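Trainee: Here is how the chains run, residue by residue.
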Amino acid sequence: MTLLTRIAPQLIALAALIALVSVFFPGFLAVEFSGGRLVGPVIDVLKRSAPVALLSVGMTLVIATRGIDLSVGAIMAICGASAALAISSGLGLAPALLIALAAGALAGLWNGVLVAVVGIQPFVATLILMTMGRGVAQLITEGRILTFTDAGFGWLGSGVLLGMPVPTWIWVVTAAAVALVVRRTALGLLIEAVGVNRRASALAGVNATVLLIAVYVASGLCAALAGIVETADIRGADANNAGLWLELDAILAVVIGGNSLLGGRFSIIASILGALIIQTIGTGILLAGFPSEYNLVIKAGLVLIILILQSPRIAAEWSLWRDSHRVEPRQRSRI
Amino acid sequence: MLLSIRSLTKAFPGTRALDDVDFDVAAGEVHALLGENGAGKSTLIKCLTGAYQRDAGTIALDGARIDPRSTSQAQELGIGTVYQEVNLLPNLTVAQNLMFGREPRRFGLVDSRRTRVVAQAMLQQYGLDINVDRDLGTYSVAIQQIVAIARAVSLSGKVLILDEPTASLDRREVEMVFDVVRDLRDRGLGIVFVSHFLDQVFELTDRVTILRNGRKIVTETTSNLNRMSLIEHMLGRALEDAVSETHDHGKAAAPRMLQFDGIGRAGVIDPFDMTVGQGEVVGLAGLLGSGRTETAEMLFGLRQSQGGQARDVDGPLDLRNPRAAIGAGFGFAPEDRKTDGIVADLSVRQNIILGLQARRGWARPVPRAEQNRLADDYIRKLDIRTSDREKPIGELSGGNQQKAVLARWLAMNPRFLILDEPTRGIDVGAHAEILRLIEDLTAQGMSVLVISSEIDELVAVADRVIVLRDRRHVAELTGAEVTGDRIMRAIADEAAA
Chain A
1 MTLLTRIAPQ
11 LIALAALIAL
21 VSVFFPGFLA
31 VEFSGGRLVG
41 PVIDVLKRSA
51 PVALLSVGMT
61 LVIATRGIDL
71 SVGAIMAICG
81 ASAALAISSG
91 LGLAPALLIA
101 LAAGALAGLW
111 NGVLVAVVGI
121 QPFVATLILM
131 TMGRGVAQLI
141 TEGRILTFTD
151 AGFGWLGSGV
161 LLGMPVPTWI
171 WVVTAAAVAL
181 VVRRTALGLL
191 IEAVGVNRRA
201 SALAGVNATV
211 LLIAVYVASG
221 LCAALAGIVE
231 TADIRGADAN
241 NAGLWLELDA
251 ILAVVIGGNS
261 LLGGRFSIIA
271 SILGALIIQT
281 IGTGILLAGF
291 PSEYNLVIKA
301 GLVLIILILQ
311 SPRIAAEWSL
321 WRDSHRVEPR
331 QRSRI
Chain B
1 MLLSIRSLTK
11 AFPGTRALDD
21 VDFDVAAGEV
31 HALLGENGAG
41 KSTLIKCLTG
51 AYQRDAGTIA
61 LDGARIDPRS
71 TSQAQELGIG
81 TVYQEVNLLP
91 NLTVAQNLMF
101 GREPRRFGLV
111 DSRRTRVVAQ
121 AMLQQYGLDI
131 NVDRDLGTYS
141 VAIQQIVAIA
151 RAVSLSGKVL
161 ILDEPTASLD
171 RREVEMVFDV
181 VRDLRDRGLG
191 IVFVSHFLDQ
201 VFELTDRVTI
211 LRNGRKIVTE
221 TTSNLNRMSL
231 IEHMLGRALE
241 DAVSETHDHG
251 KAAAPRMLQF
261 DGIGRAGVID
271 PFDMTVGQGE
281 VVGLAGLLGS
291 GRTETAEMLF
301 GLRQSQGGQA
311 RDVDGPLDLR
321 NPRAAIGAGF
331 GFAPEDRKTD
341 GIVADLSVRQ
351 NIILGLQARR
361 GWARPVPRAE
371 QNRLADDYIR
381 KLDIRTSDRE
391 KPIGELSGGN
401 QQKAVLARWL
411 AMNPRFLILD
421 EPTRGIDVGA
431 HAEILRLIED
441 LTAQGMSVLV
451 ISSEIDELVA
461 VADRVIVLRD
471 RRHVAELTGA
481 EVTGDRIMRA
491 IADEAAA
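If you read the sequences in order, they're chains A and B.
Under my numbering, residues 1 to 335 are what the first sequence spells out, in order.
Under my numbering, residues 1 to 497 are what the second sequence spells out, in order.
What the hints contain is simulated information worked out from the structure, not anything from laboratory work.
As the structure is a prediction and not an experimental result, all values here were calculated from the model.
Note that beta-carbon positions come from the ideal geometry of N, C-alpha and C, so glycine has one too.
Don't take each hint at face value.
[Said to hold, decoys possible] The list that follows gives simulated cross-link-like pairs (lysine to aspartate or glutamate, DMTMM-like), each with its CA atoms no further than 25 angstroms apart: (1) B/K391 with B/D336; (2) B/K391 with A/E317; (3) B/K391 with B/D377; (4) B/K391 with A/E142.
[Claimed, not checked] Here's a subset of chain A near chain B, in silico, CB distances under 10 angstroms, partners left out: (5) T149; (6) G152; (7) A204; (8) N207; (9) G263.
[To be verified] Just so you have them, the derived chain A footprint on chain B, three or more residues with Cβ under 8 angstroms: (10) 318-328; (11) 342-348; (12) 359-373.
Take these sequences, add in the hints, and give me the full structure.
Mentor: Structure representation (structure tokens):
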């Protein structure tokens, strides 16, 4: 299967969605260049999708191993709080970022060890950190919203580089780098093998334990980046709300990307398209002028439609319908 | 006849699980159904209980043809089943389990008092006086087993199928269950008893039917059989019938390559010593549960040995886990290739290079051109029937999956390859090809350990055969001693080697 046929459903869904939003808000695709930066609703989507896009990169790897990571929202809160605390207590930007990334990696290591070594179900194992993590973040910020004024850190959330928002660059580079690494090395194959059949893979000599820990660490690092971007954007760490419910959006992005929750073959690009679809829906609903109380219902409805259209059953019906229009009419009764 | 099965046939892709099998159960008899793994026992039971739909043949109960489409339908018709793993709900009470789905009701609500009374009365028929209000899970497996039997009988009441009911029971508990079974027989039920404990078969059953490779071999009154003839039928070789030998047994000059001393683990396999020569084929013979697979798992680091040591000419070997064993040049193609061998969603190519890739590490991918070459090479050499190398391996037939798993190991060029039932469930043609392949590999200096239930297969390929019984290595046959006769006698413990 070529990449294009793999991501065709997501591309079609995204295009249809953009067309739909454009009906309600004709200027949706308009982009102008002003003050050294590109401006327009689409650019806004590309910027605001950063947290979910970043999370979905790590989540794709975890789900490919037949796992799930419910703790990424909480890890975002921890990492954002750590970075904000480090910056506001006078450490430089680089140490603050390193601390945040280390916190994310450590959180991922915790999840990975629970899943791969202790053998707890991923859902339960990451639920522990989902619950605990936000508490840890609250302890770091001592229950306050920790604000800071560091311009360099703020630039990561709201700055512009070569006309594009910095958060957009961060997720594009991260997704591209991870996608390249897993496909240019054997990591992708080994992750898929462990996801489909951990026991058979281990018997073939695959170090499934280390691989499982690694994907949770990768997910933790992605969550740390997402936490940094979000904290930088609002120039403050809000332990109660940072990344709240975003783990669910990330899982949804992976699922819209056509990746099976049962593990195995995965596509990071498709998950990224899933994240863009989710953000396009969110931004589109606002631009189309629906009262904000309609947002969640419309979003859920659109996601449902996309998932139904992608379901194997619909795909089978579609290919049947297509075939039946190719063959002789009298043969059709066979079907 | 209470239950009468005629010409039952059921095929799965690549294998004929049941081929024209007749099977009768009379009212008031306990009928043993025997056979090694893959003989067709469970397929027959599943056809009987509606879990599978048969391809051909008839099933008649009380003279009327039946066609159960689901286990609940089979239950209503009168065929109940109790499995080795009690399939009741341990966190409900005994009474709730017994009456589940048909609770006595009062004003539309469950009448728990009457549930209790009915359940109590039901168990008293089995001489079981226990507190039915306690959770089922708090009782011993034997009691749970009897509760399951009571439930099955009360639901169905004509034919009771017991699938390995005693596998996890101790001697006293077995007696308890047997008393219940005998009582049910005297009450006129037809009982099908599946077990691989031959002593229990002789103790409990009236007749025996033996299946092998999906065919019925024989139905006989139990008292007309002895252990030896039973094993002969199960493993498929008459003692008199000496197979003409083409294989040159005993490469006496084979330099010793591997030596295992005192490898074993309590409750798994008694400590054993074993040597393997270069280019030698060592066979492991024994009945199901004799410790054959456990021996292989010990050697491959899947189970830890308590003490003991493995060494080659250069010194001790580390067999801590499969990765370490692979590092020592070992390979292991397990018996259950679906769960332990193939990675179903990945392509034939990816399955073949998986082991090689795992050994090289993630950072050094096997170049795609090399992958294609390896895959095409083995698809051709082993004659793996697939439309192309990118087809998901799960879509191949069993024999071709097995060949692909073999290809995975051959691509890694191990010096010692362990094959657990390499020809299980694959068609005759592929069977011969795999045996020939083993010969070729050893000619190139690879050593092979073959585990097989097929005595003829071992006689055909093995230079030396180790016989296991009751989780112990009991005999070792070398060179001219490797005959079906000797192997069979050693298994049956009759004047062993």
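Trainee: Each hint: holds or not?
Mentor: Status of the hints after comparison with the structure:
Restraint check: the Cα-Cα separation between B/K391 and B/D336 comes to about 21 angstroms, which is no more than 25 angstroms; the hinted pair holds. At roughly 23 angstroms between alpha-carbon atoms, B/K391 and A/E317 fall within 25 angstroms of each other, so this suggested pair holds. Simply put, B/K391 and B/D377 have alpha-carbon atoms about 16 angstroms apart, close enough for the 25 angstroms limit, and the pair holds. Only pairs whose Cα atoms come within 25 angstroms are accepted, and B/K391 paired with A/E142 is rejected, the gap being roughly 56 angstroms.
Hint status for A/T149: violated, given a least beta-carbon distance of 42 angstroms to chain B, over 10 angstroms. Evaluation of the A/G152 hint against chain B yields a violated restraint, the C-beta minimum of about 34 angstroms exceeding 10 angstroms. With 10 angstroms as the threshold, the beta carbon of A/A204 comes within range of chain B, its nearest partner Cβ sitting at about 4 angstroms, so the hint holds. Checking A/N207 against chain B by beta carbon gives a least distance of about 6 angstroms; that is within 10 angstroms, so the hint holds.
A cut of 10 angstroms between beta carbons decides the hint on A/G263: the least distance to chain B is about 9 angstroms, and the hint holds. With 3 residues having a Cβ less than 8 angstroms from any Cβ of chain A, the region 318-328 of chain B passes the three-residue criterion, so the hint holds. Closer than 8 angstroms: that is the beta-carbon criterion, and the region 342-348 of chain B has 5 residues meeting it against chain A, so the requirement of 3 holds. Beta-carbon proximity to chain A at under 8 angstroms applies to 8 residues in the region 359-373 of chain B; the threshold of 3 is reached and the given coverage holds.
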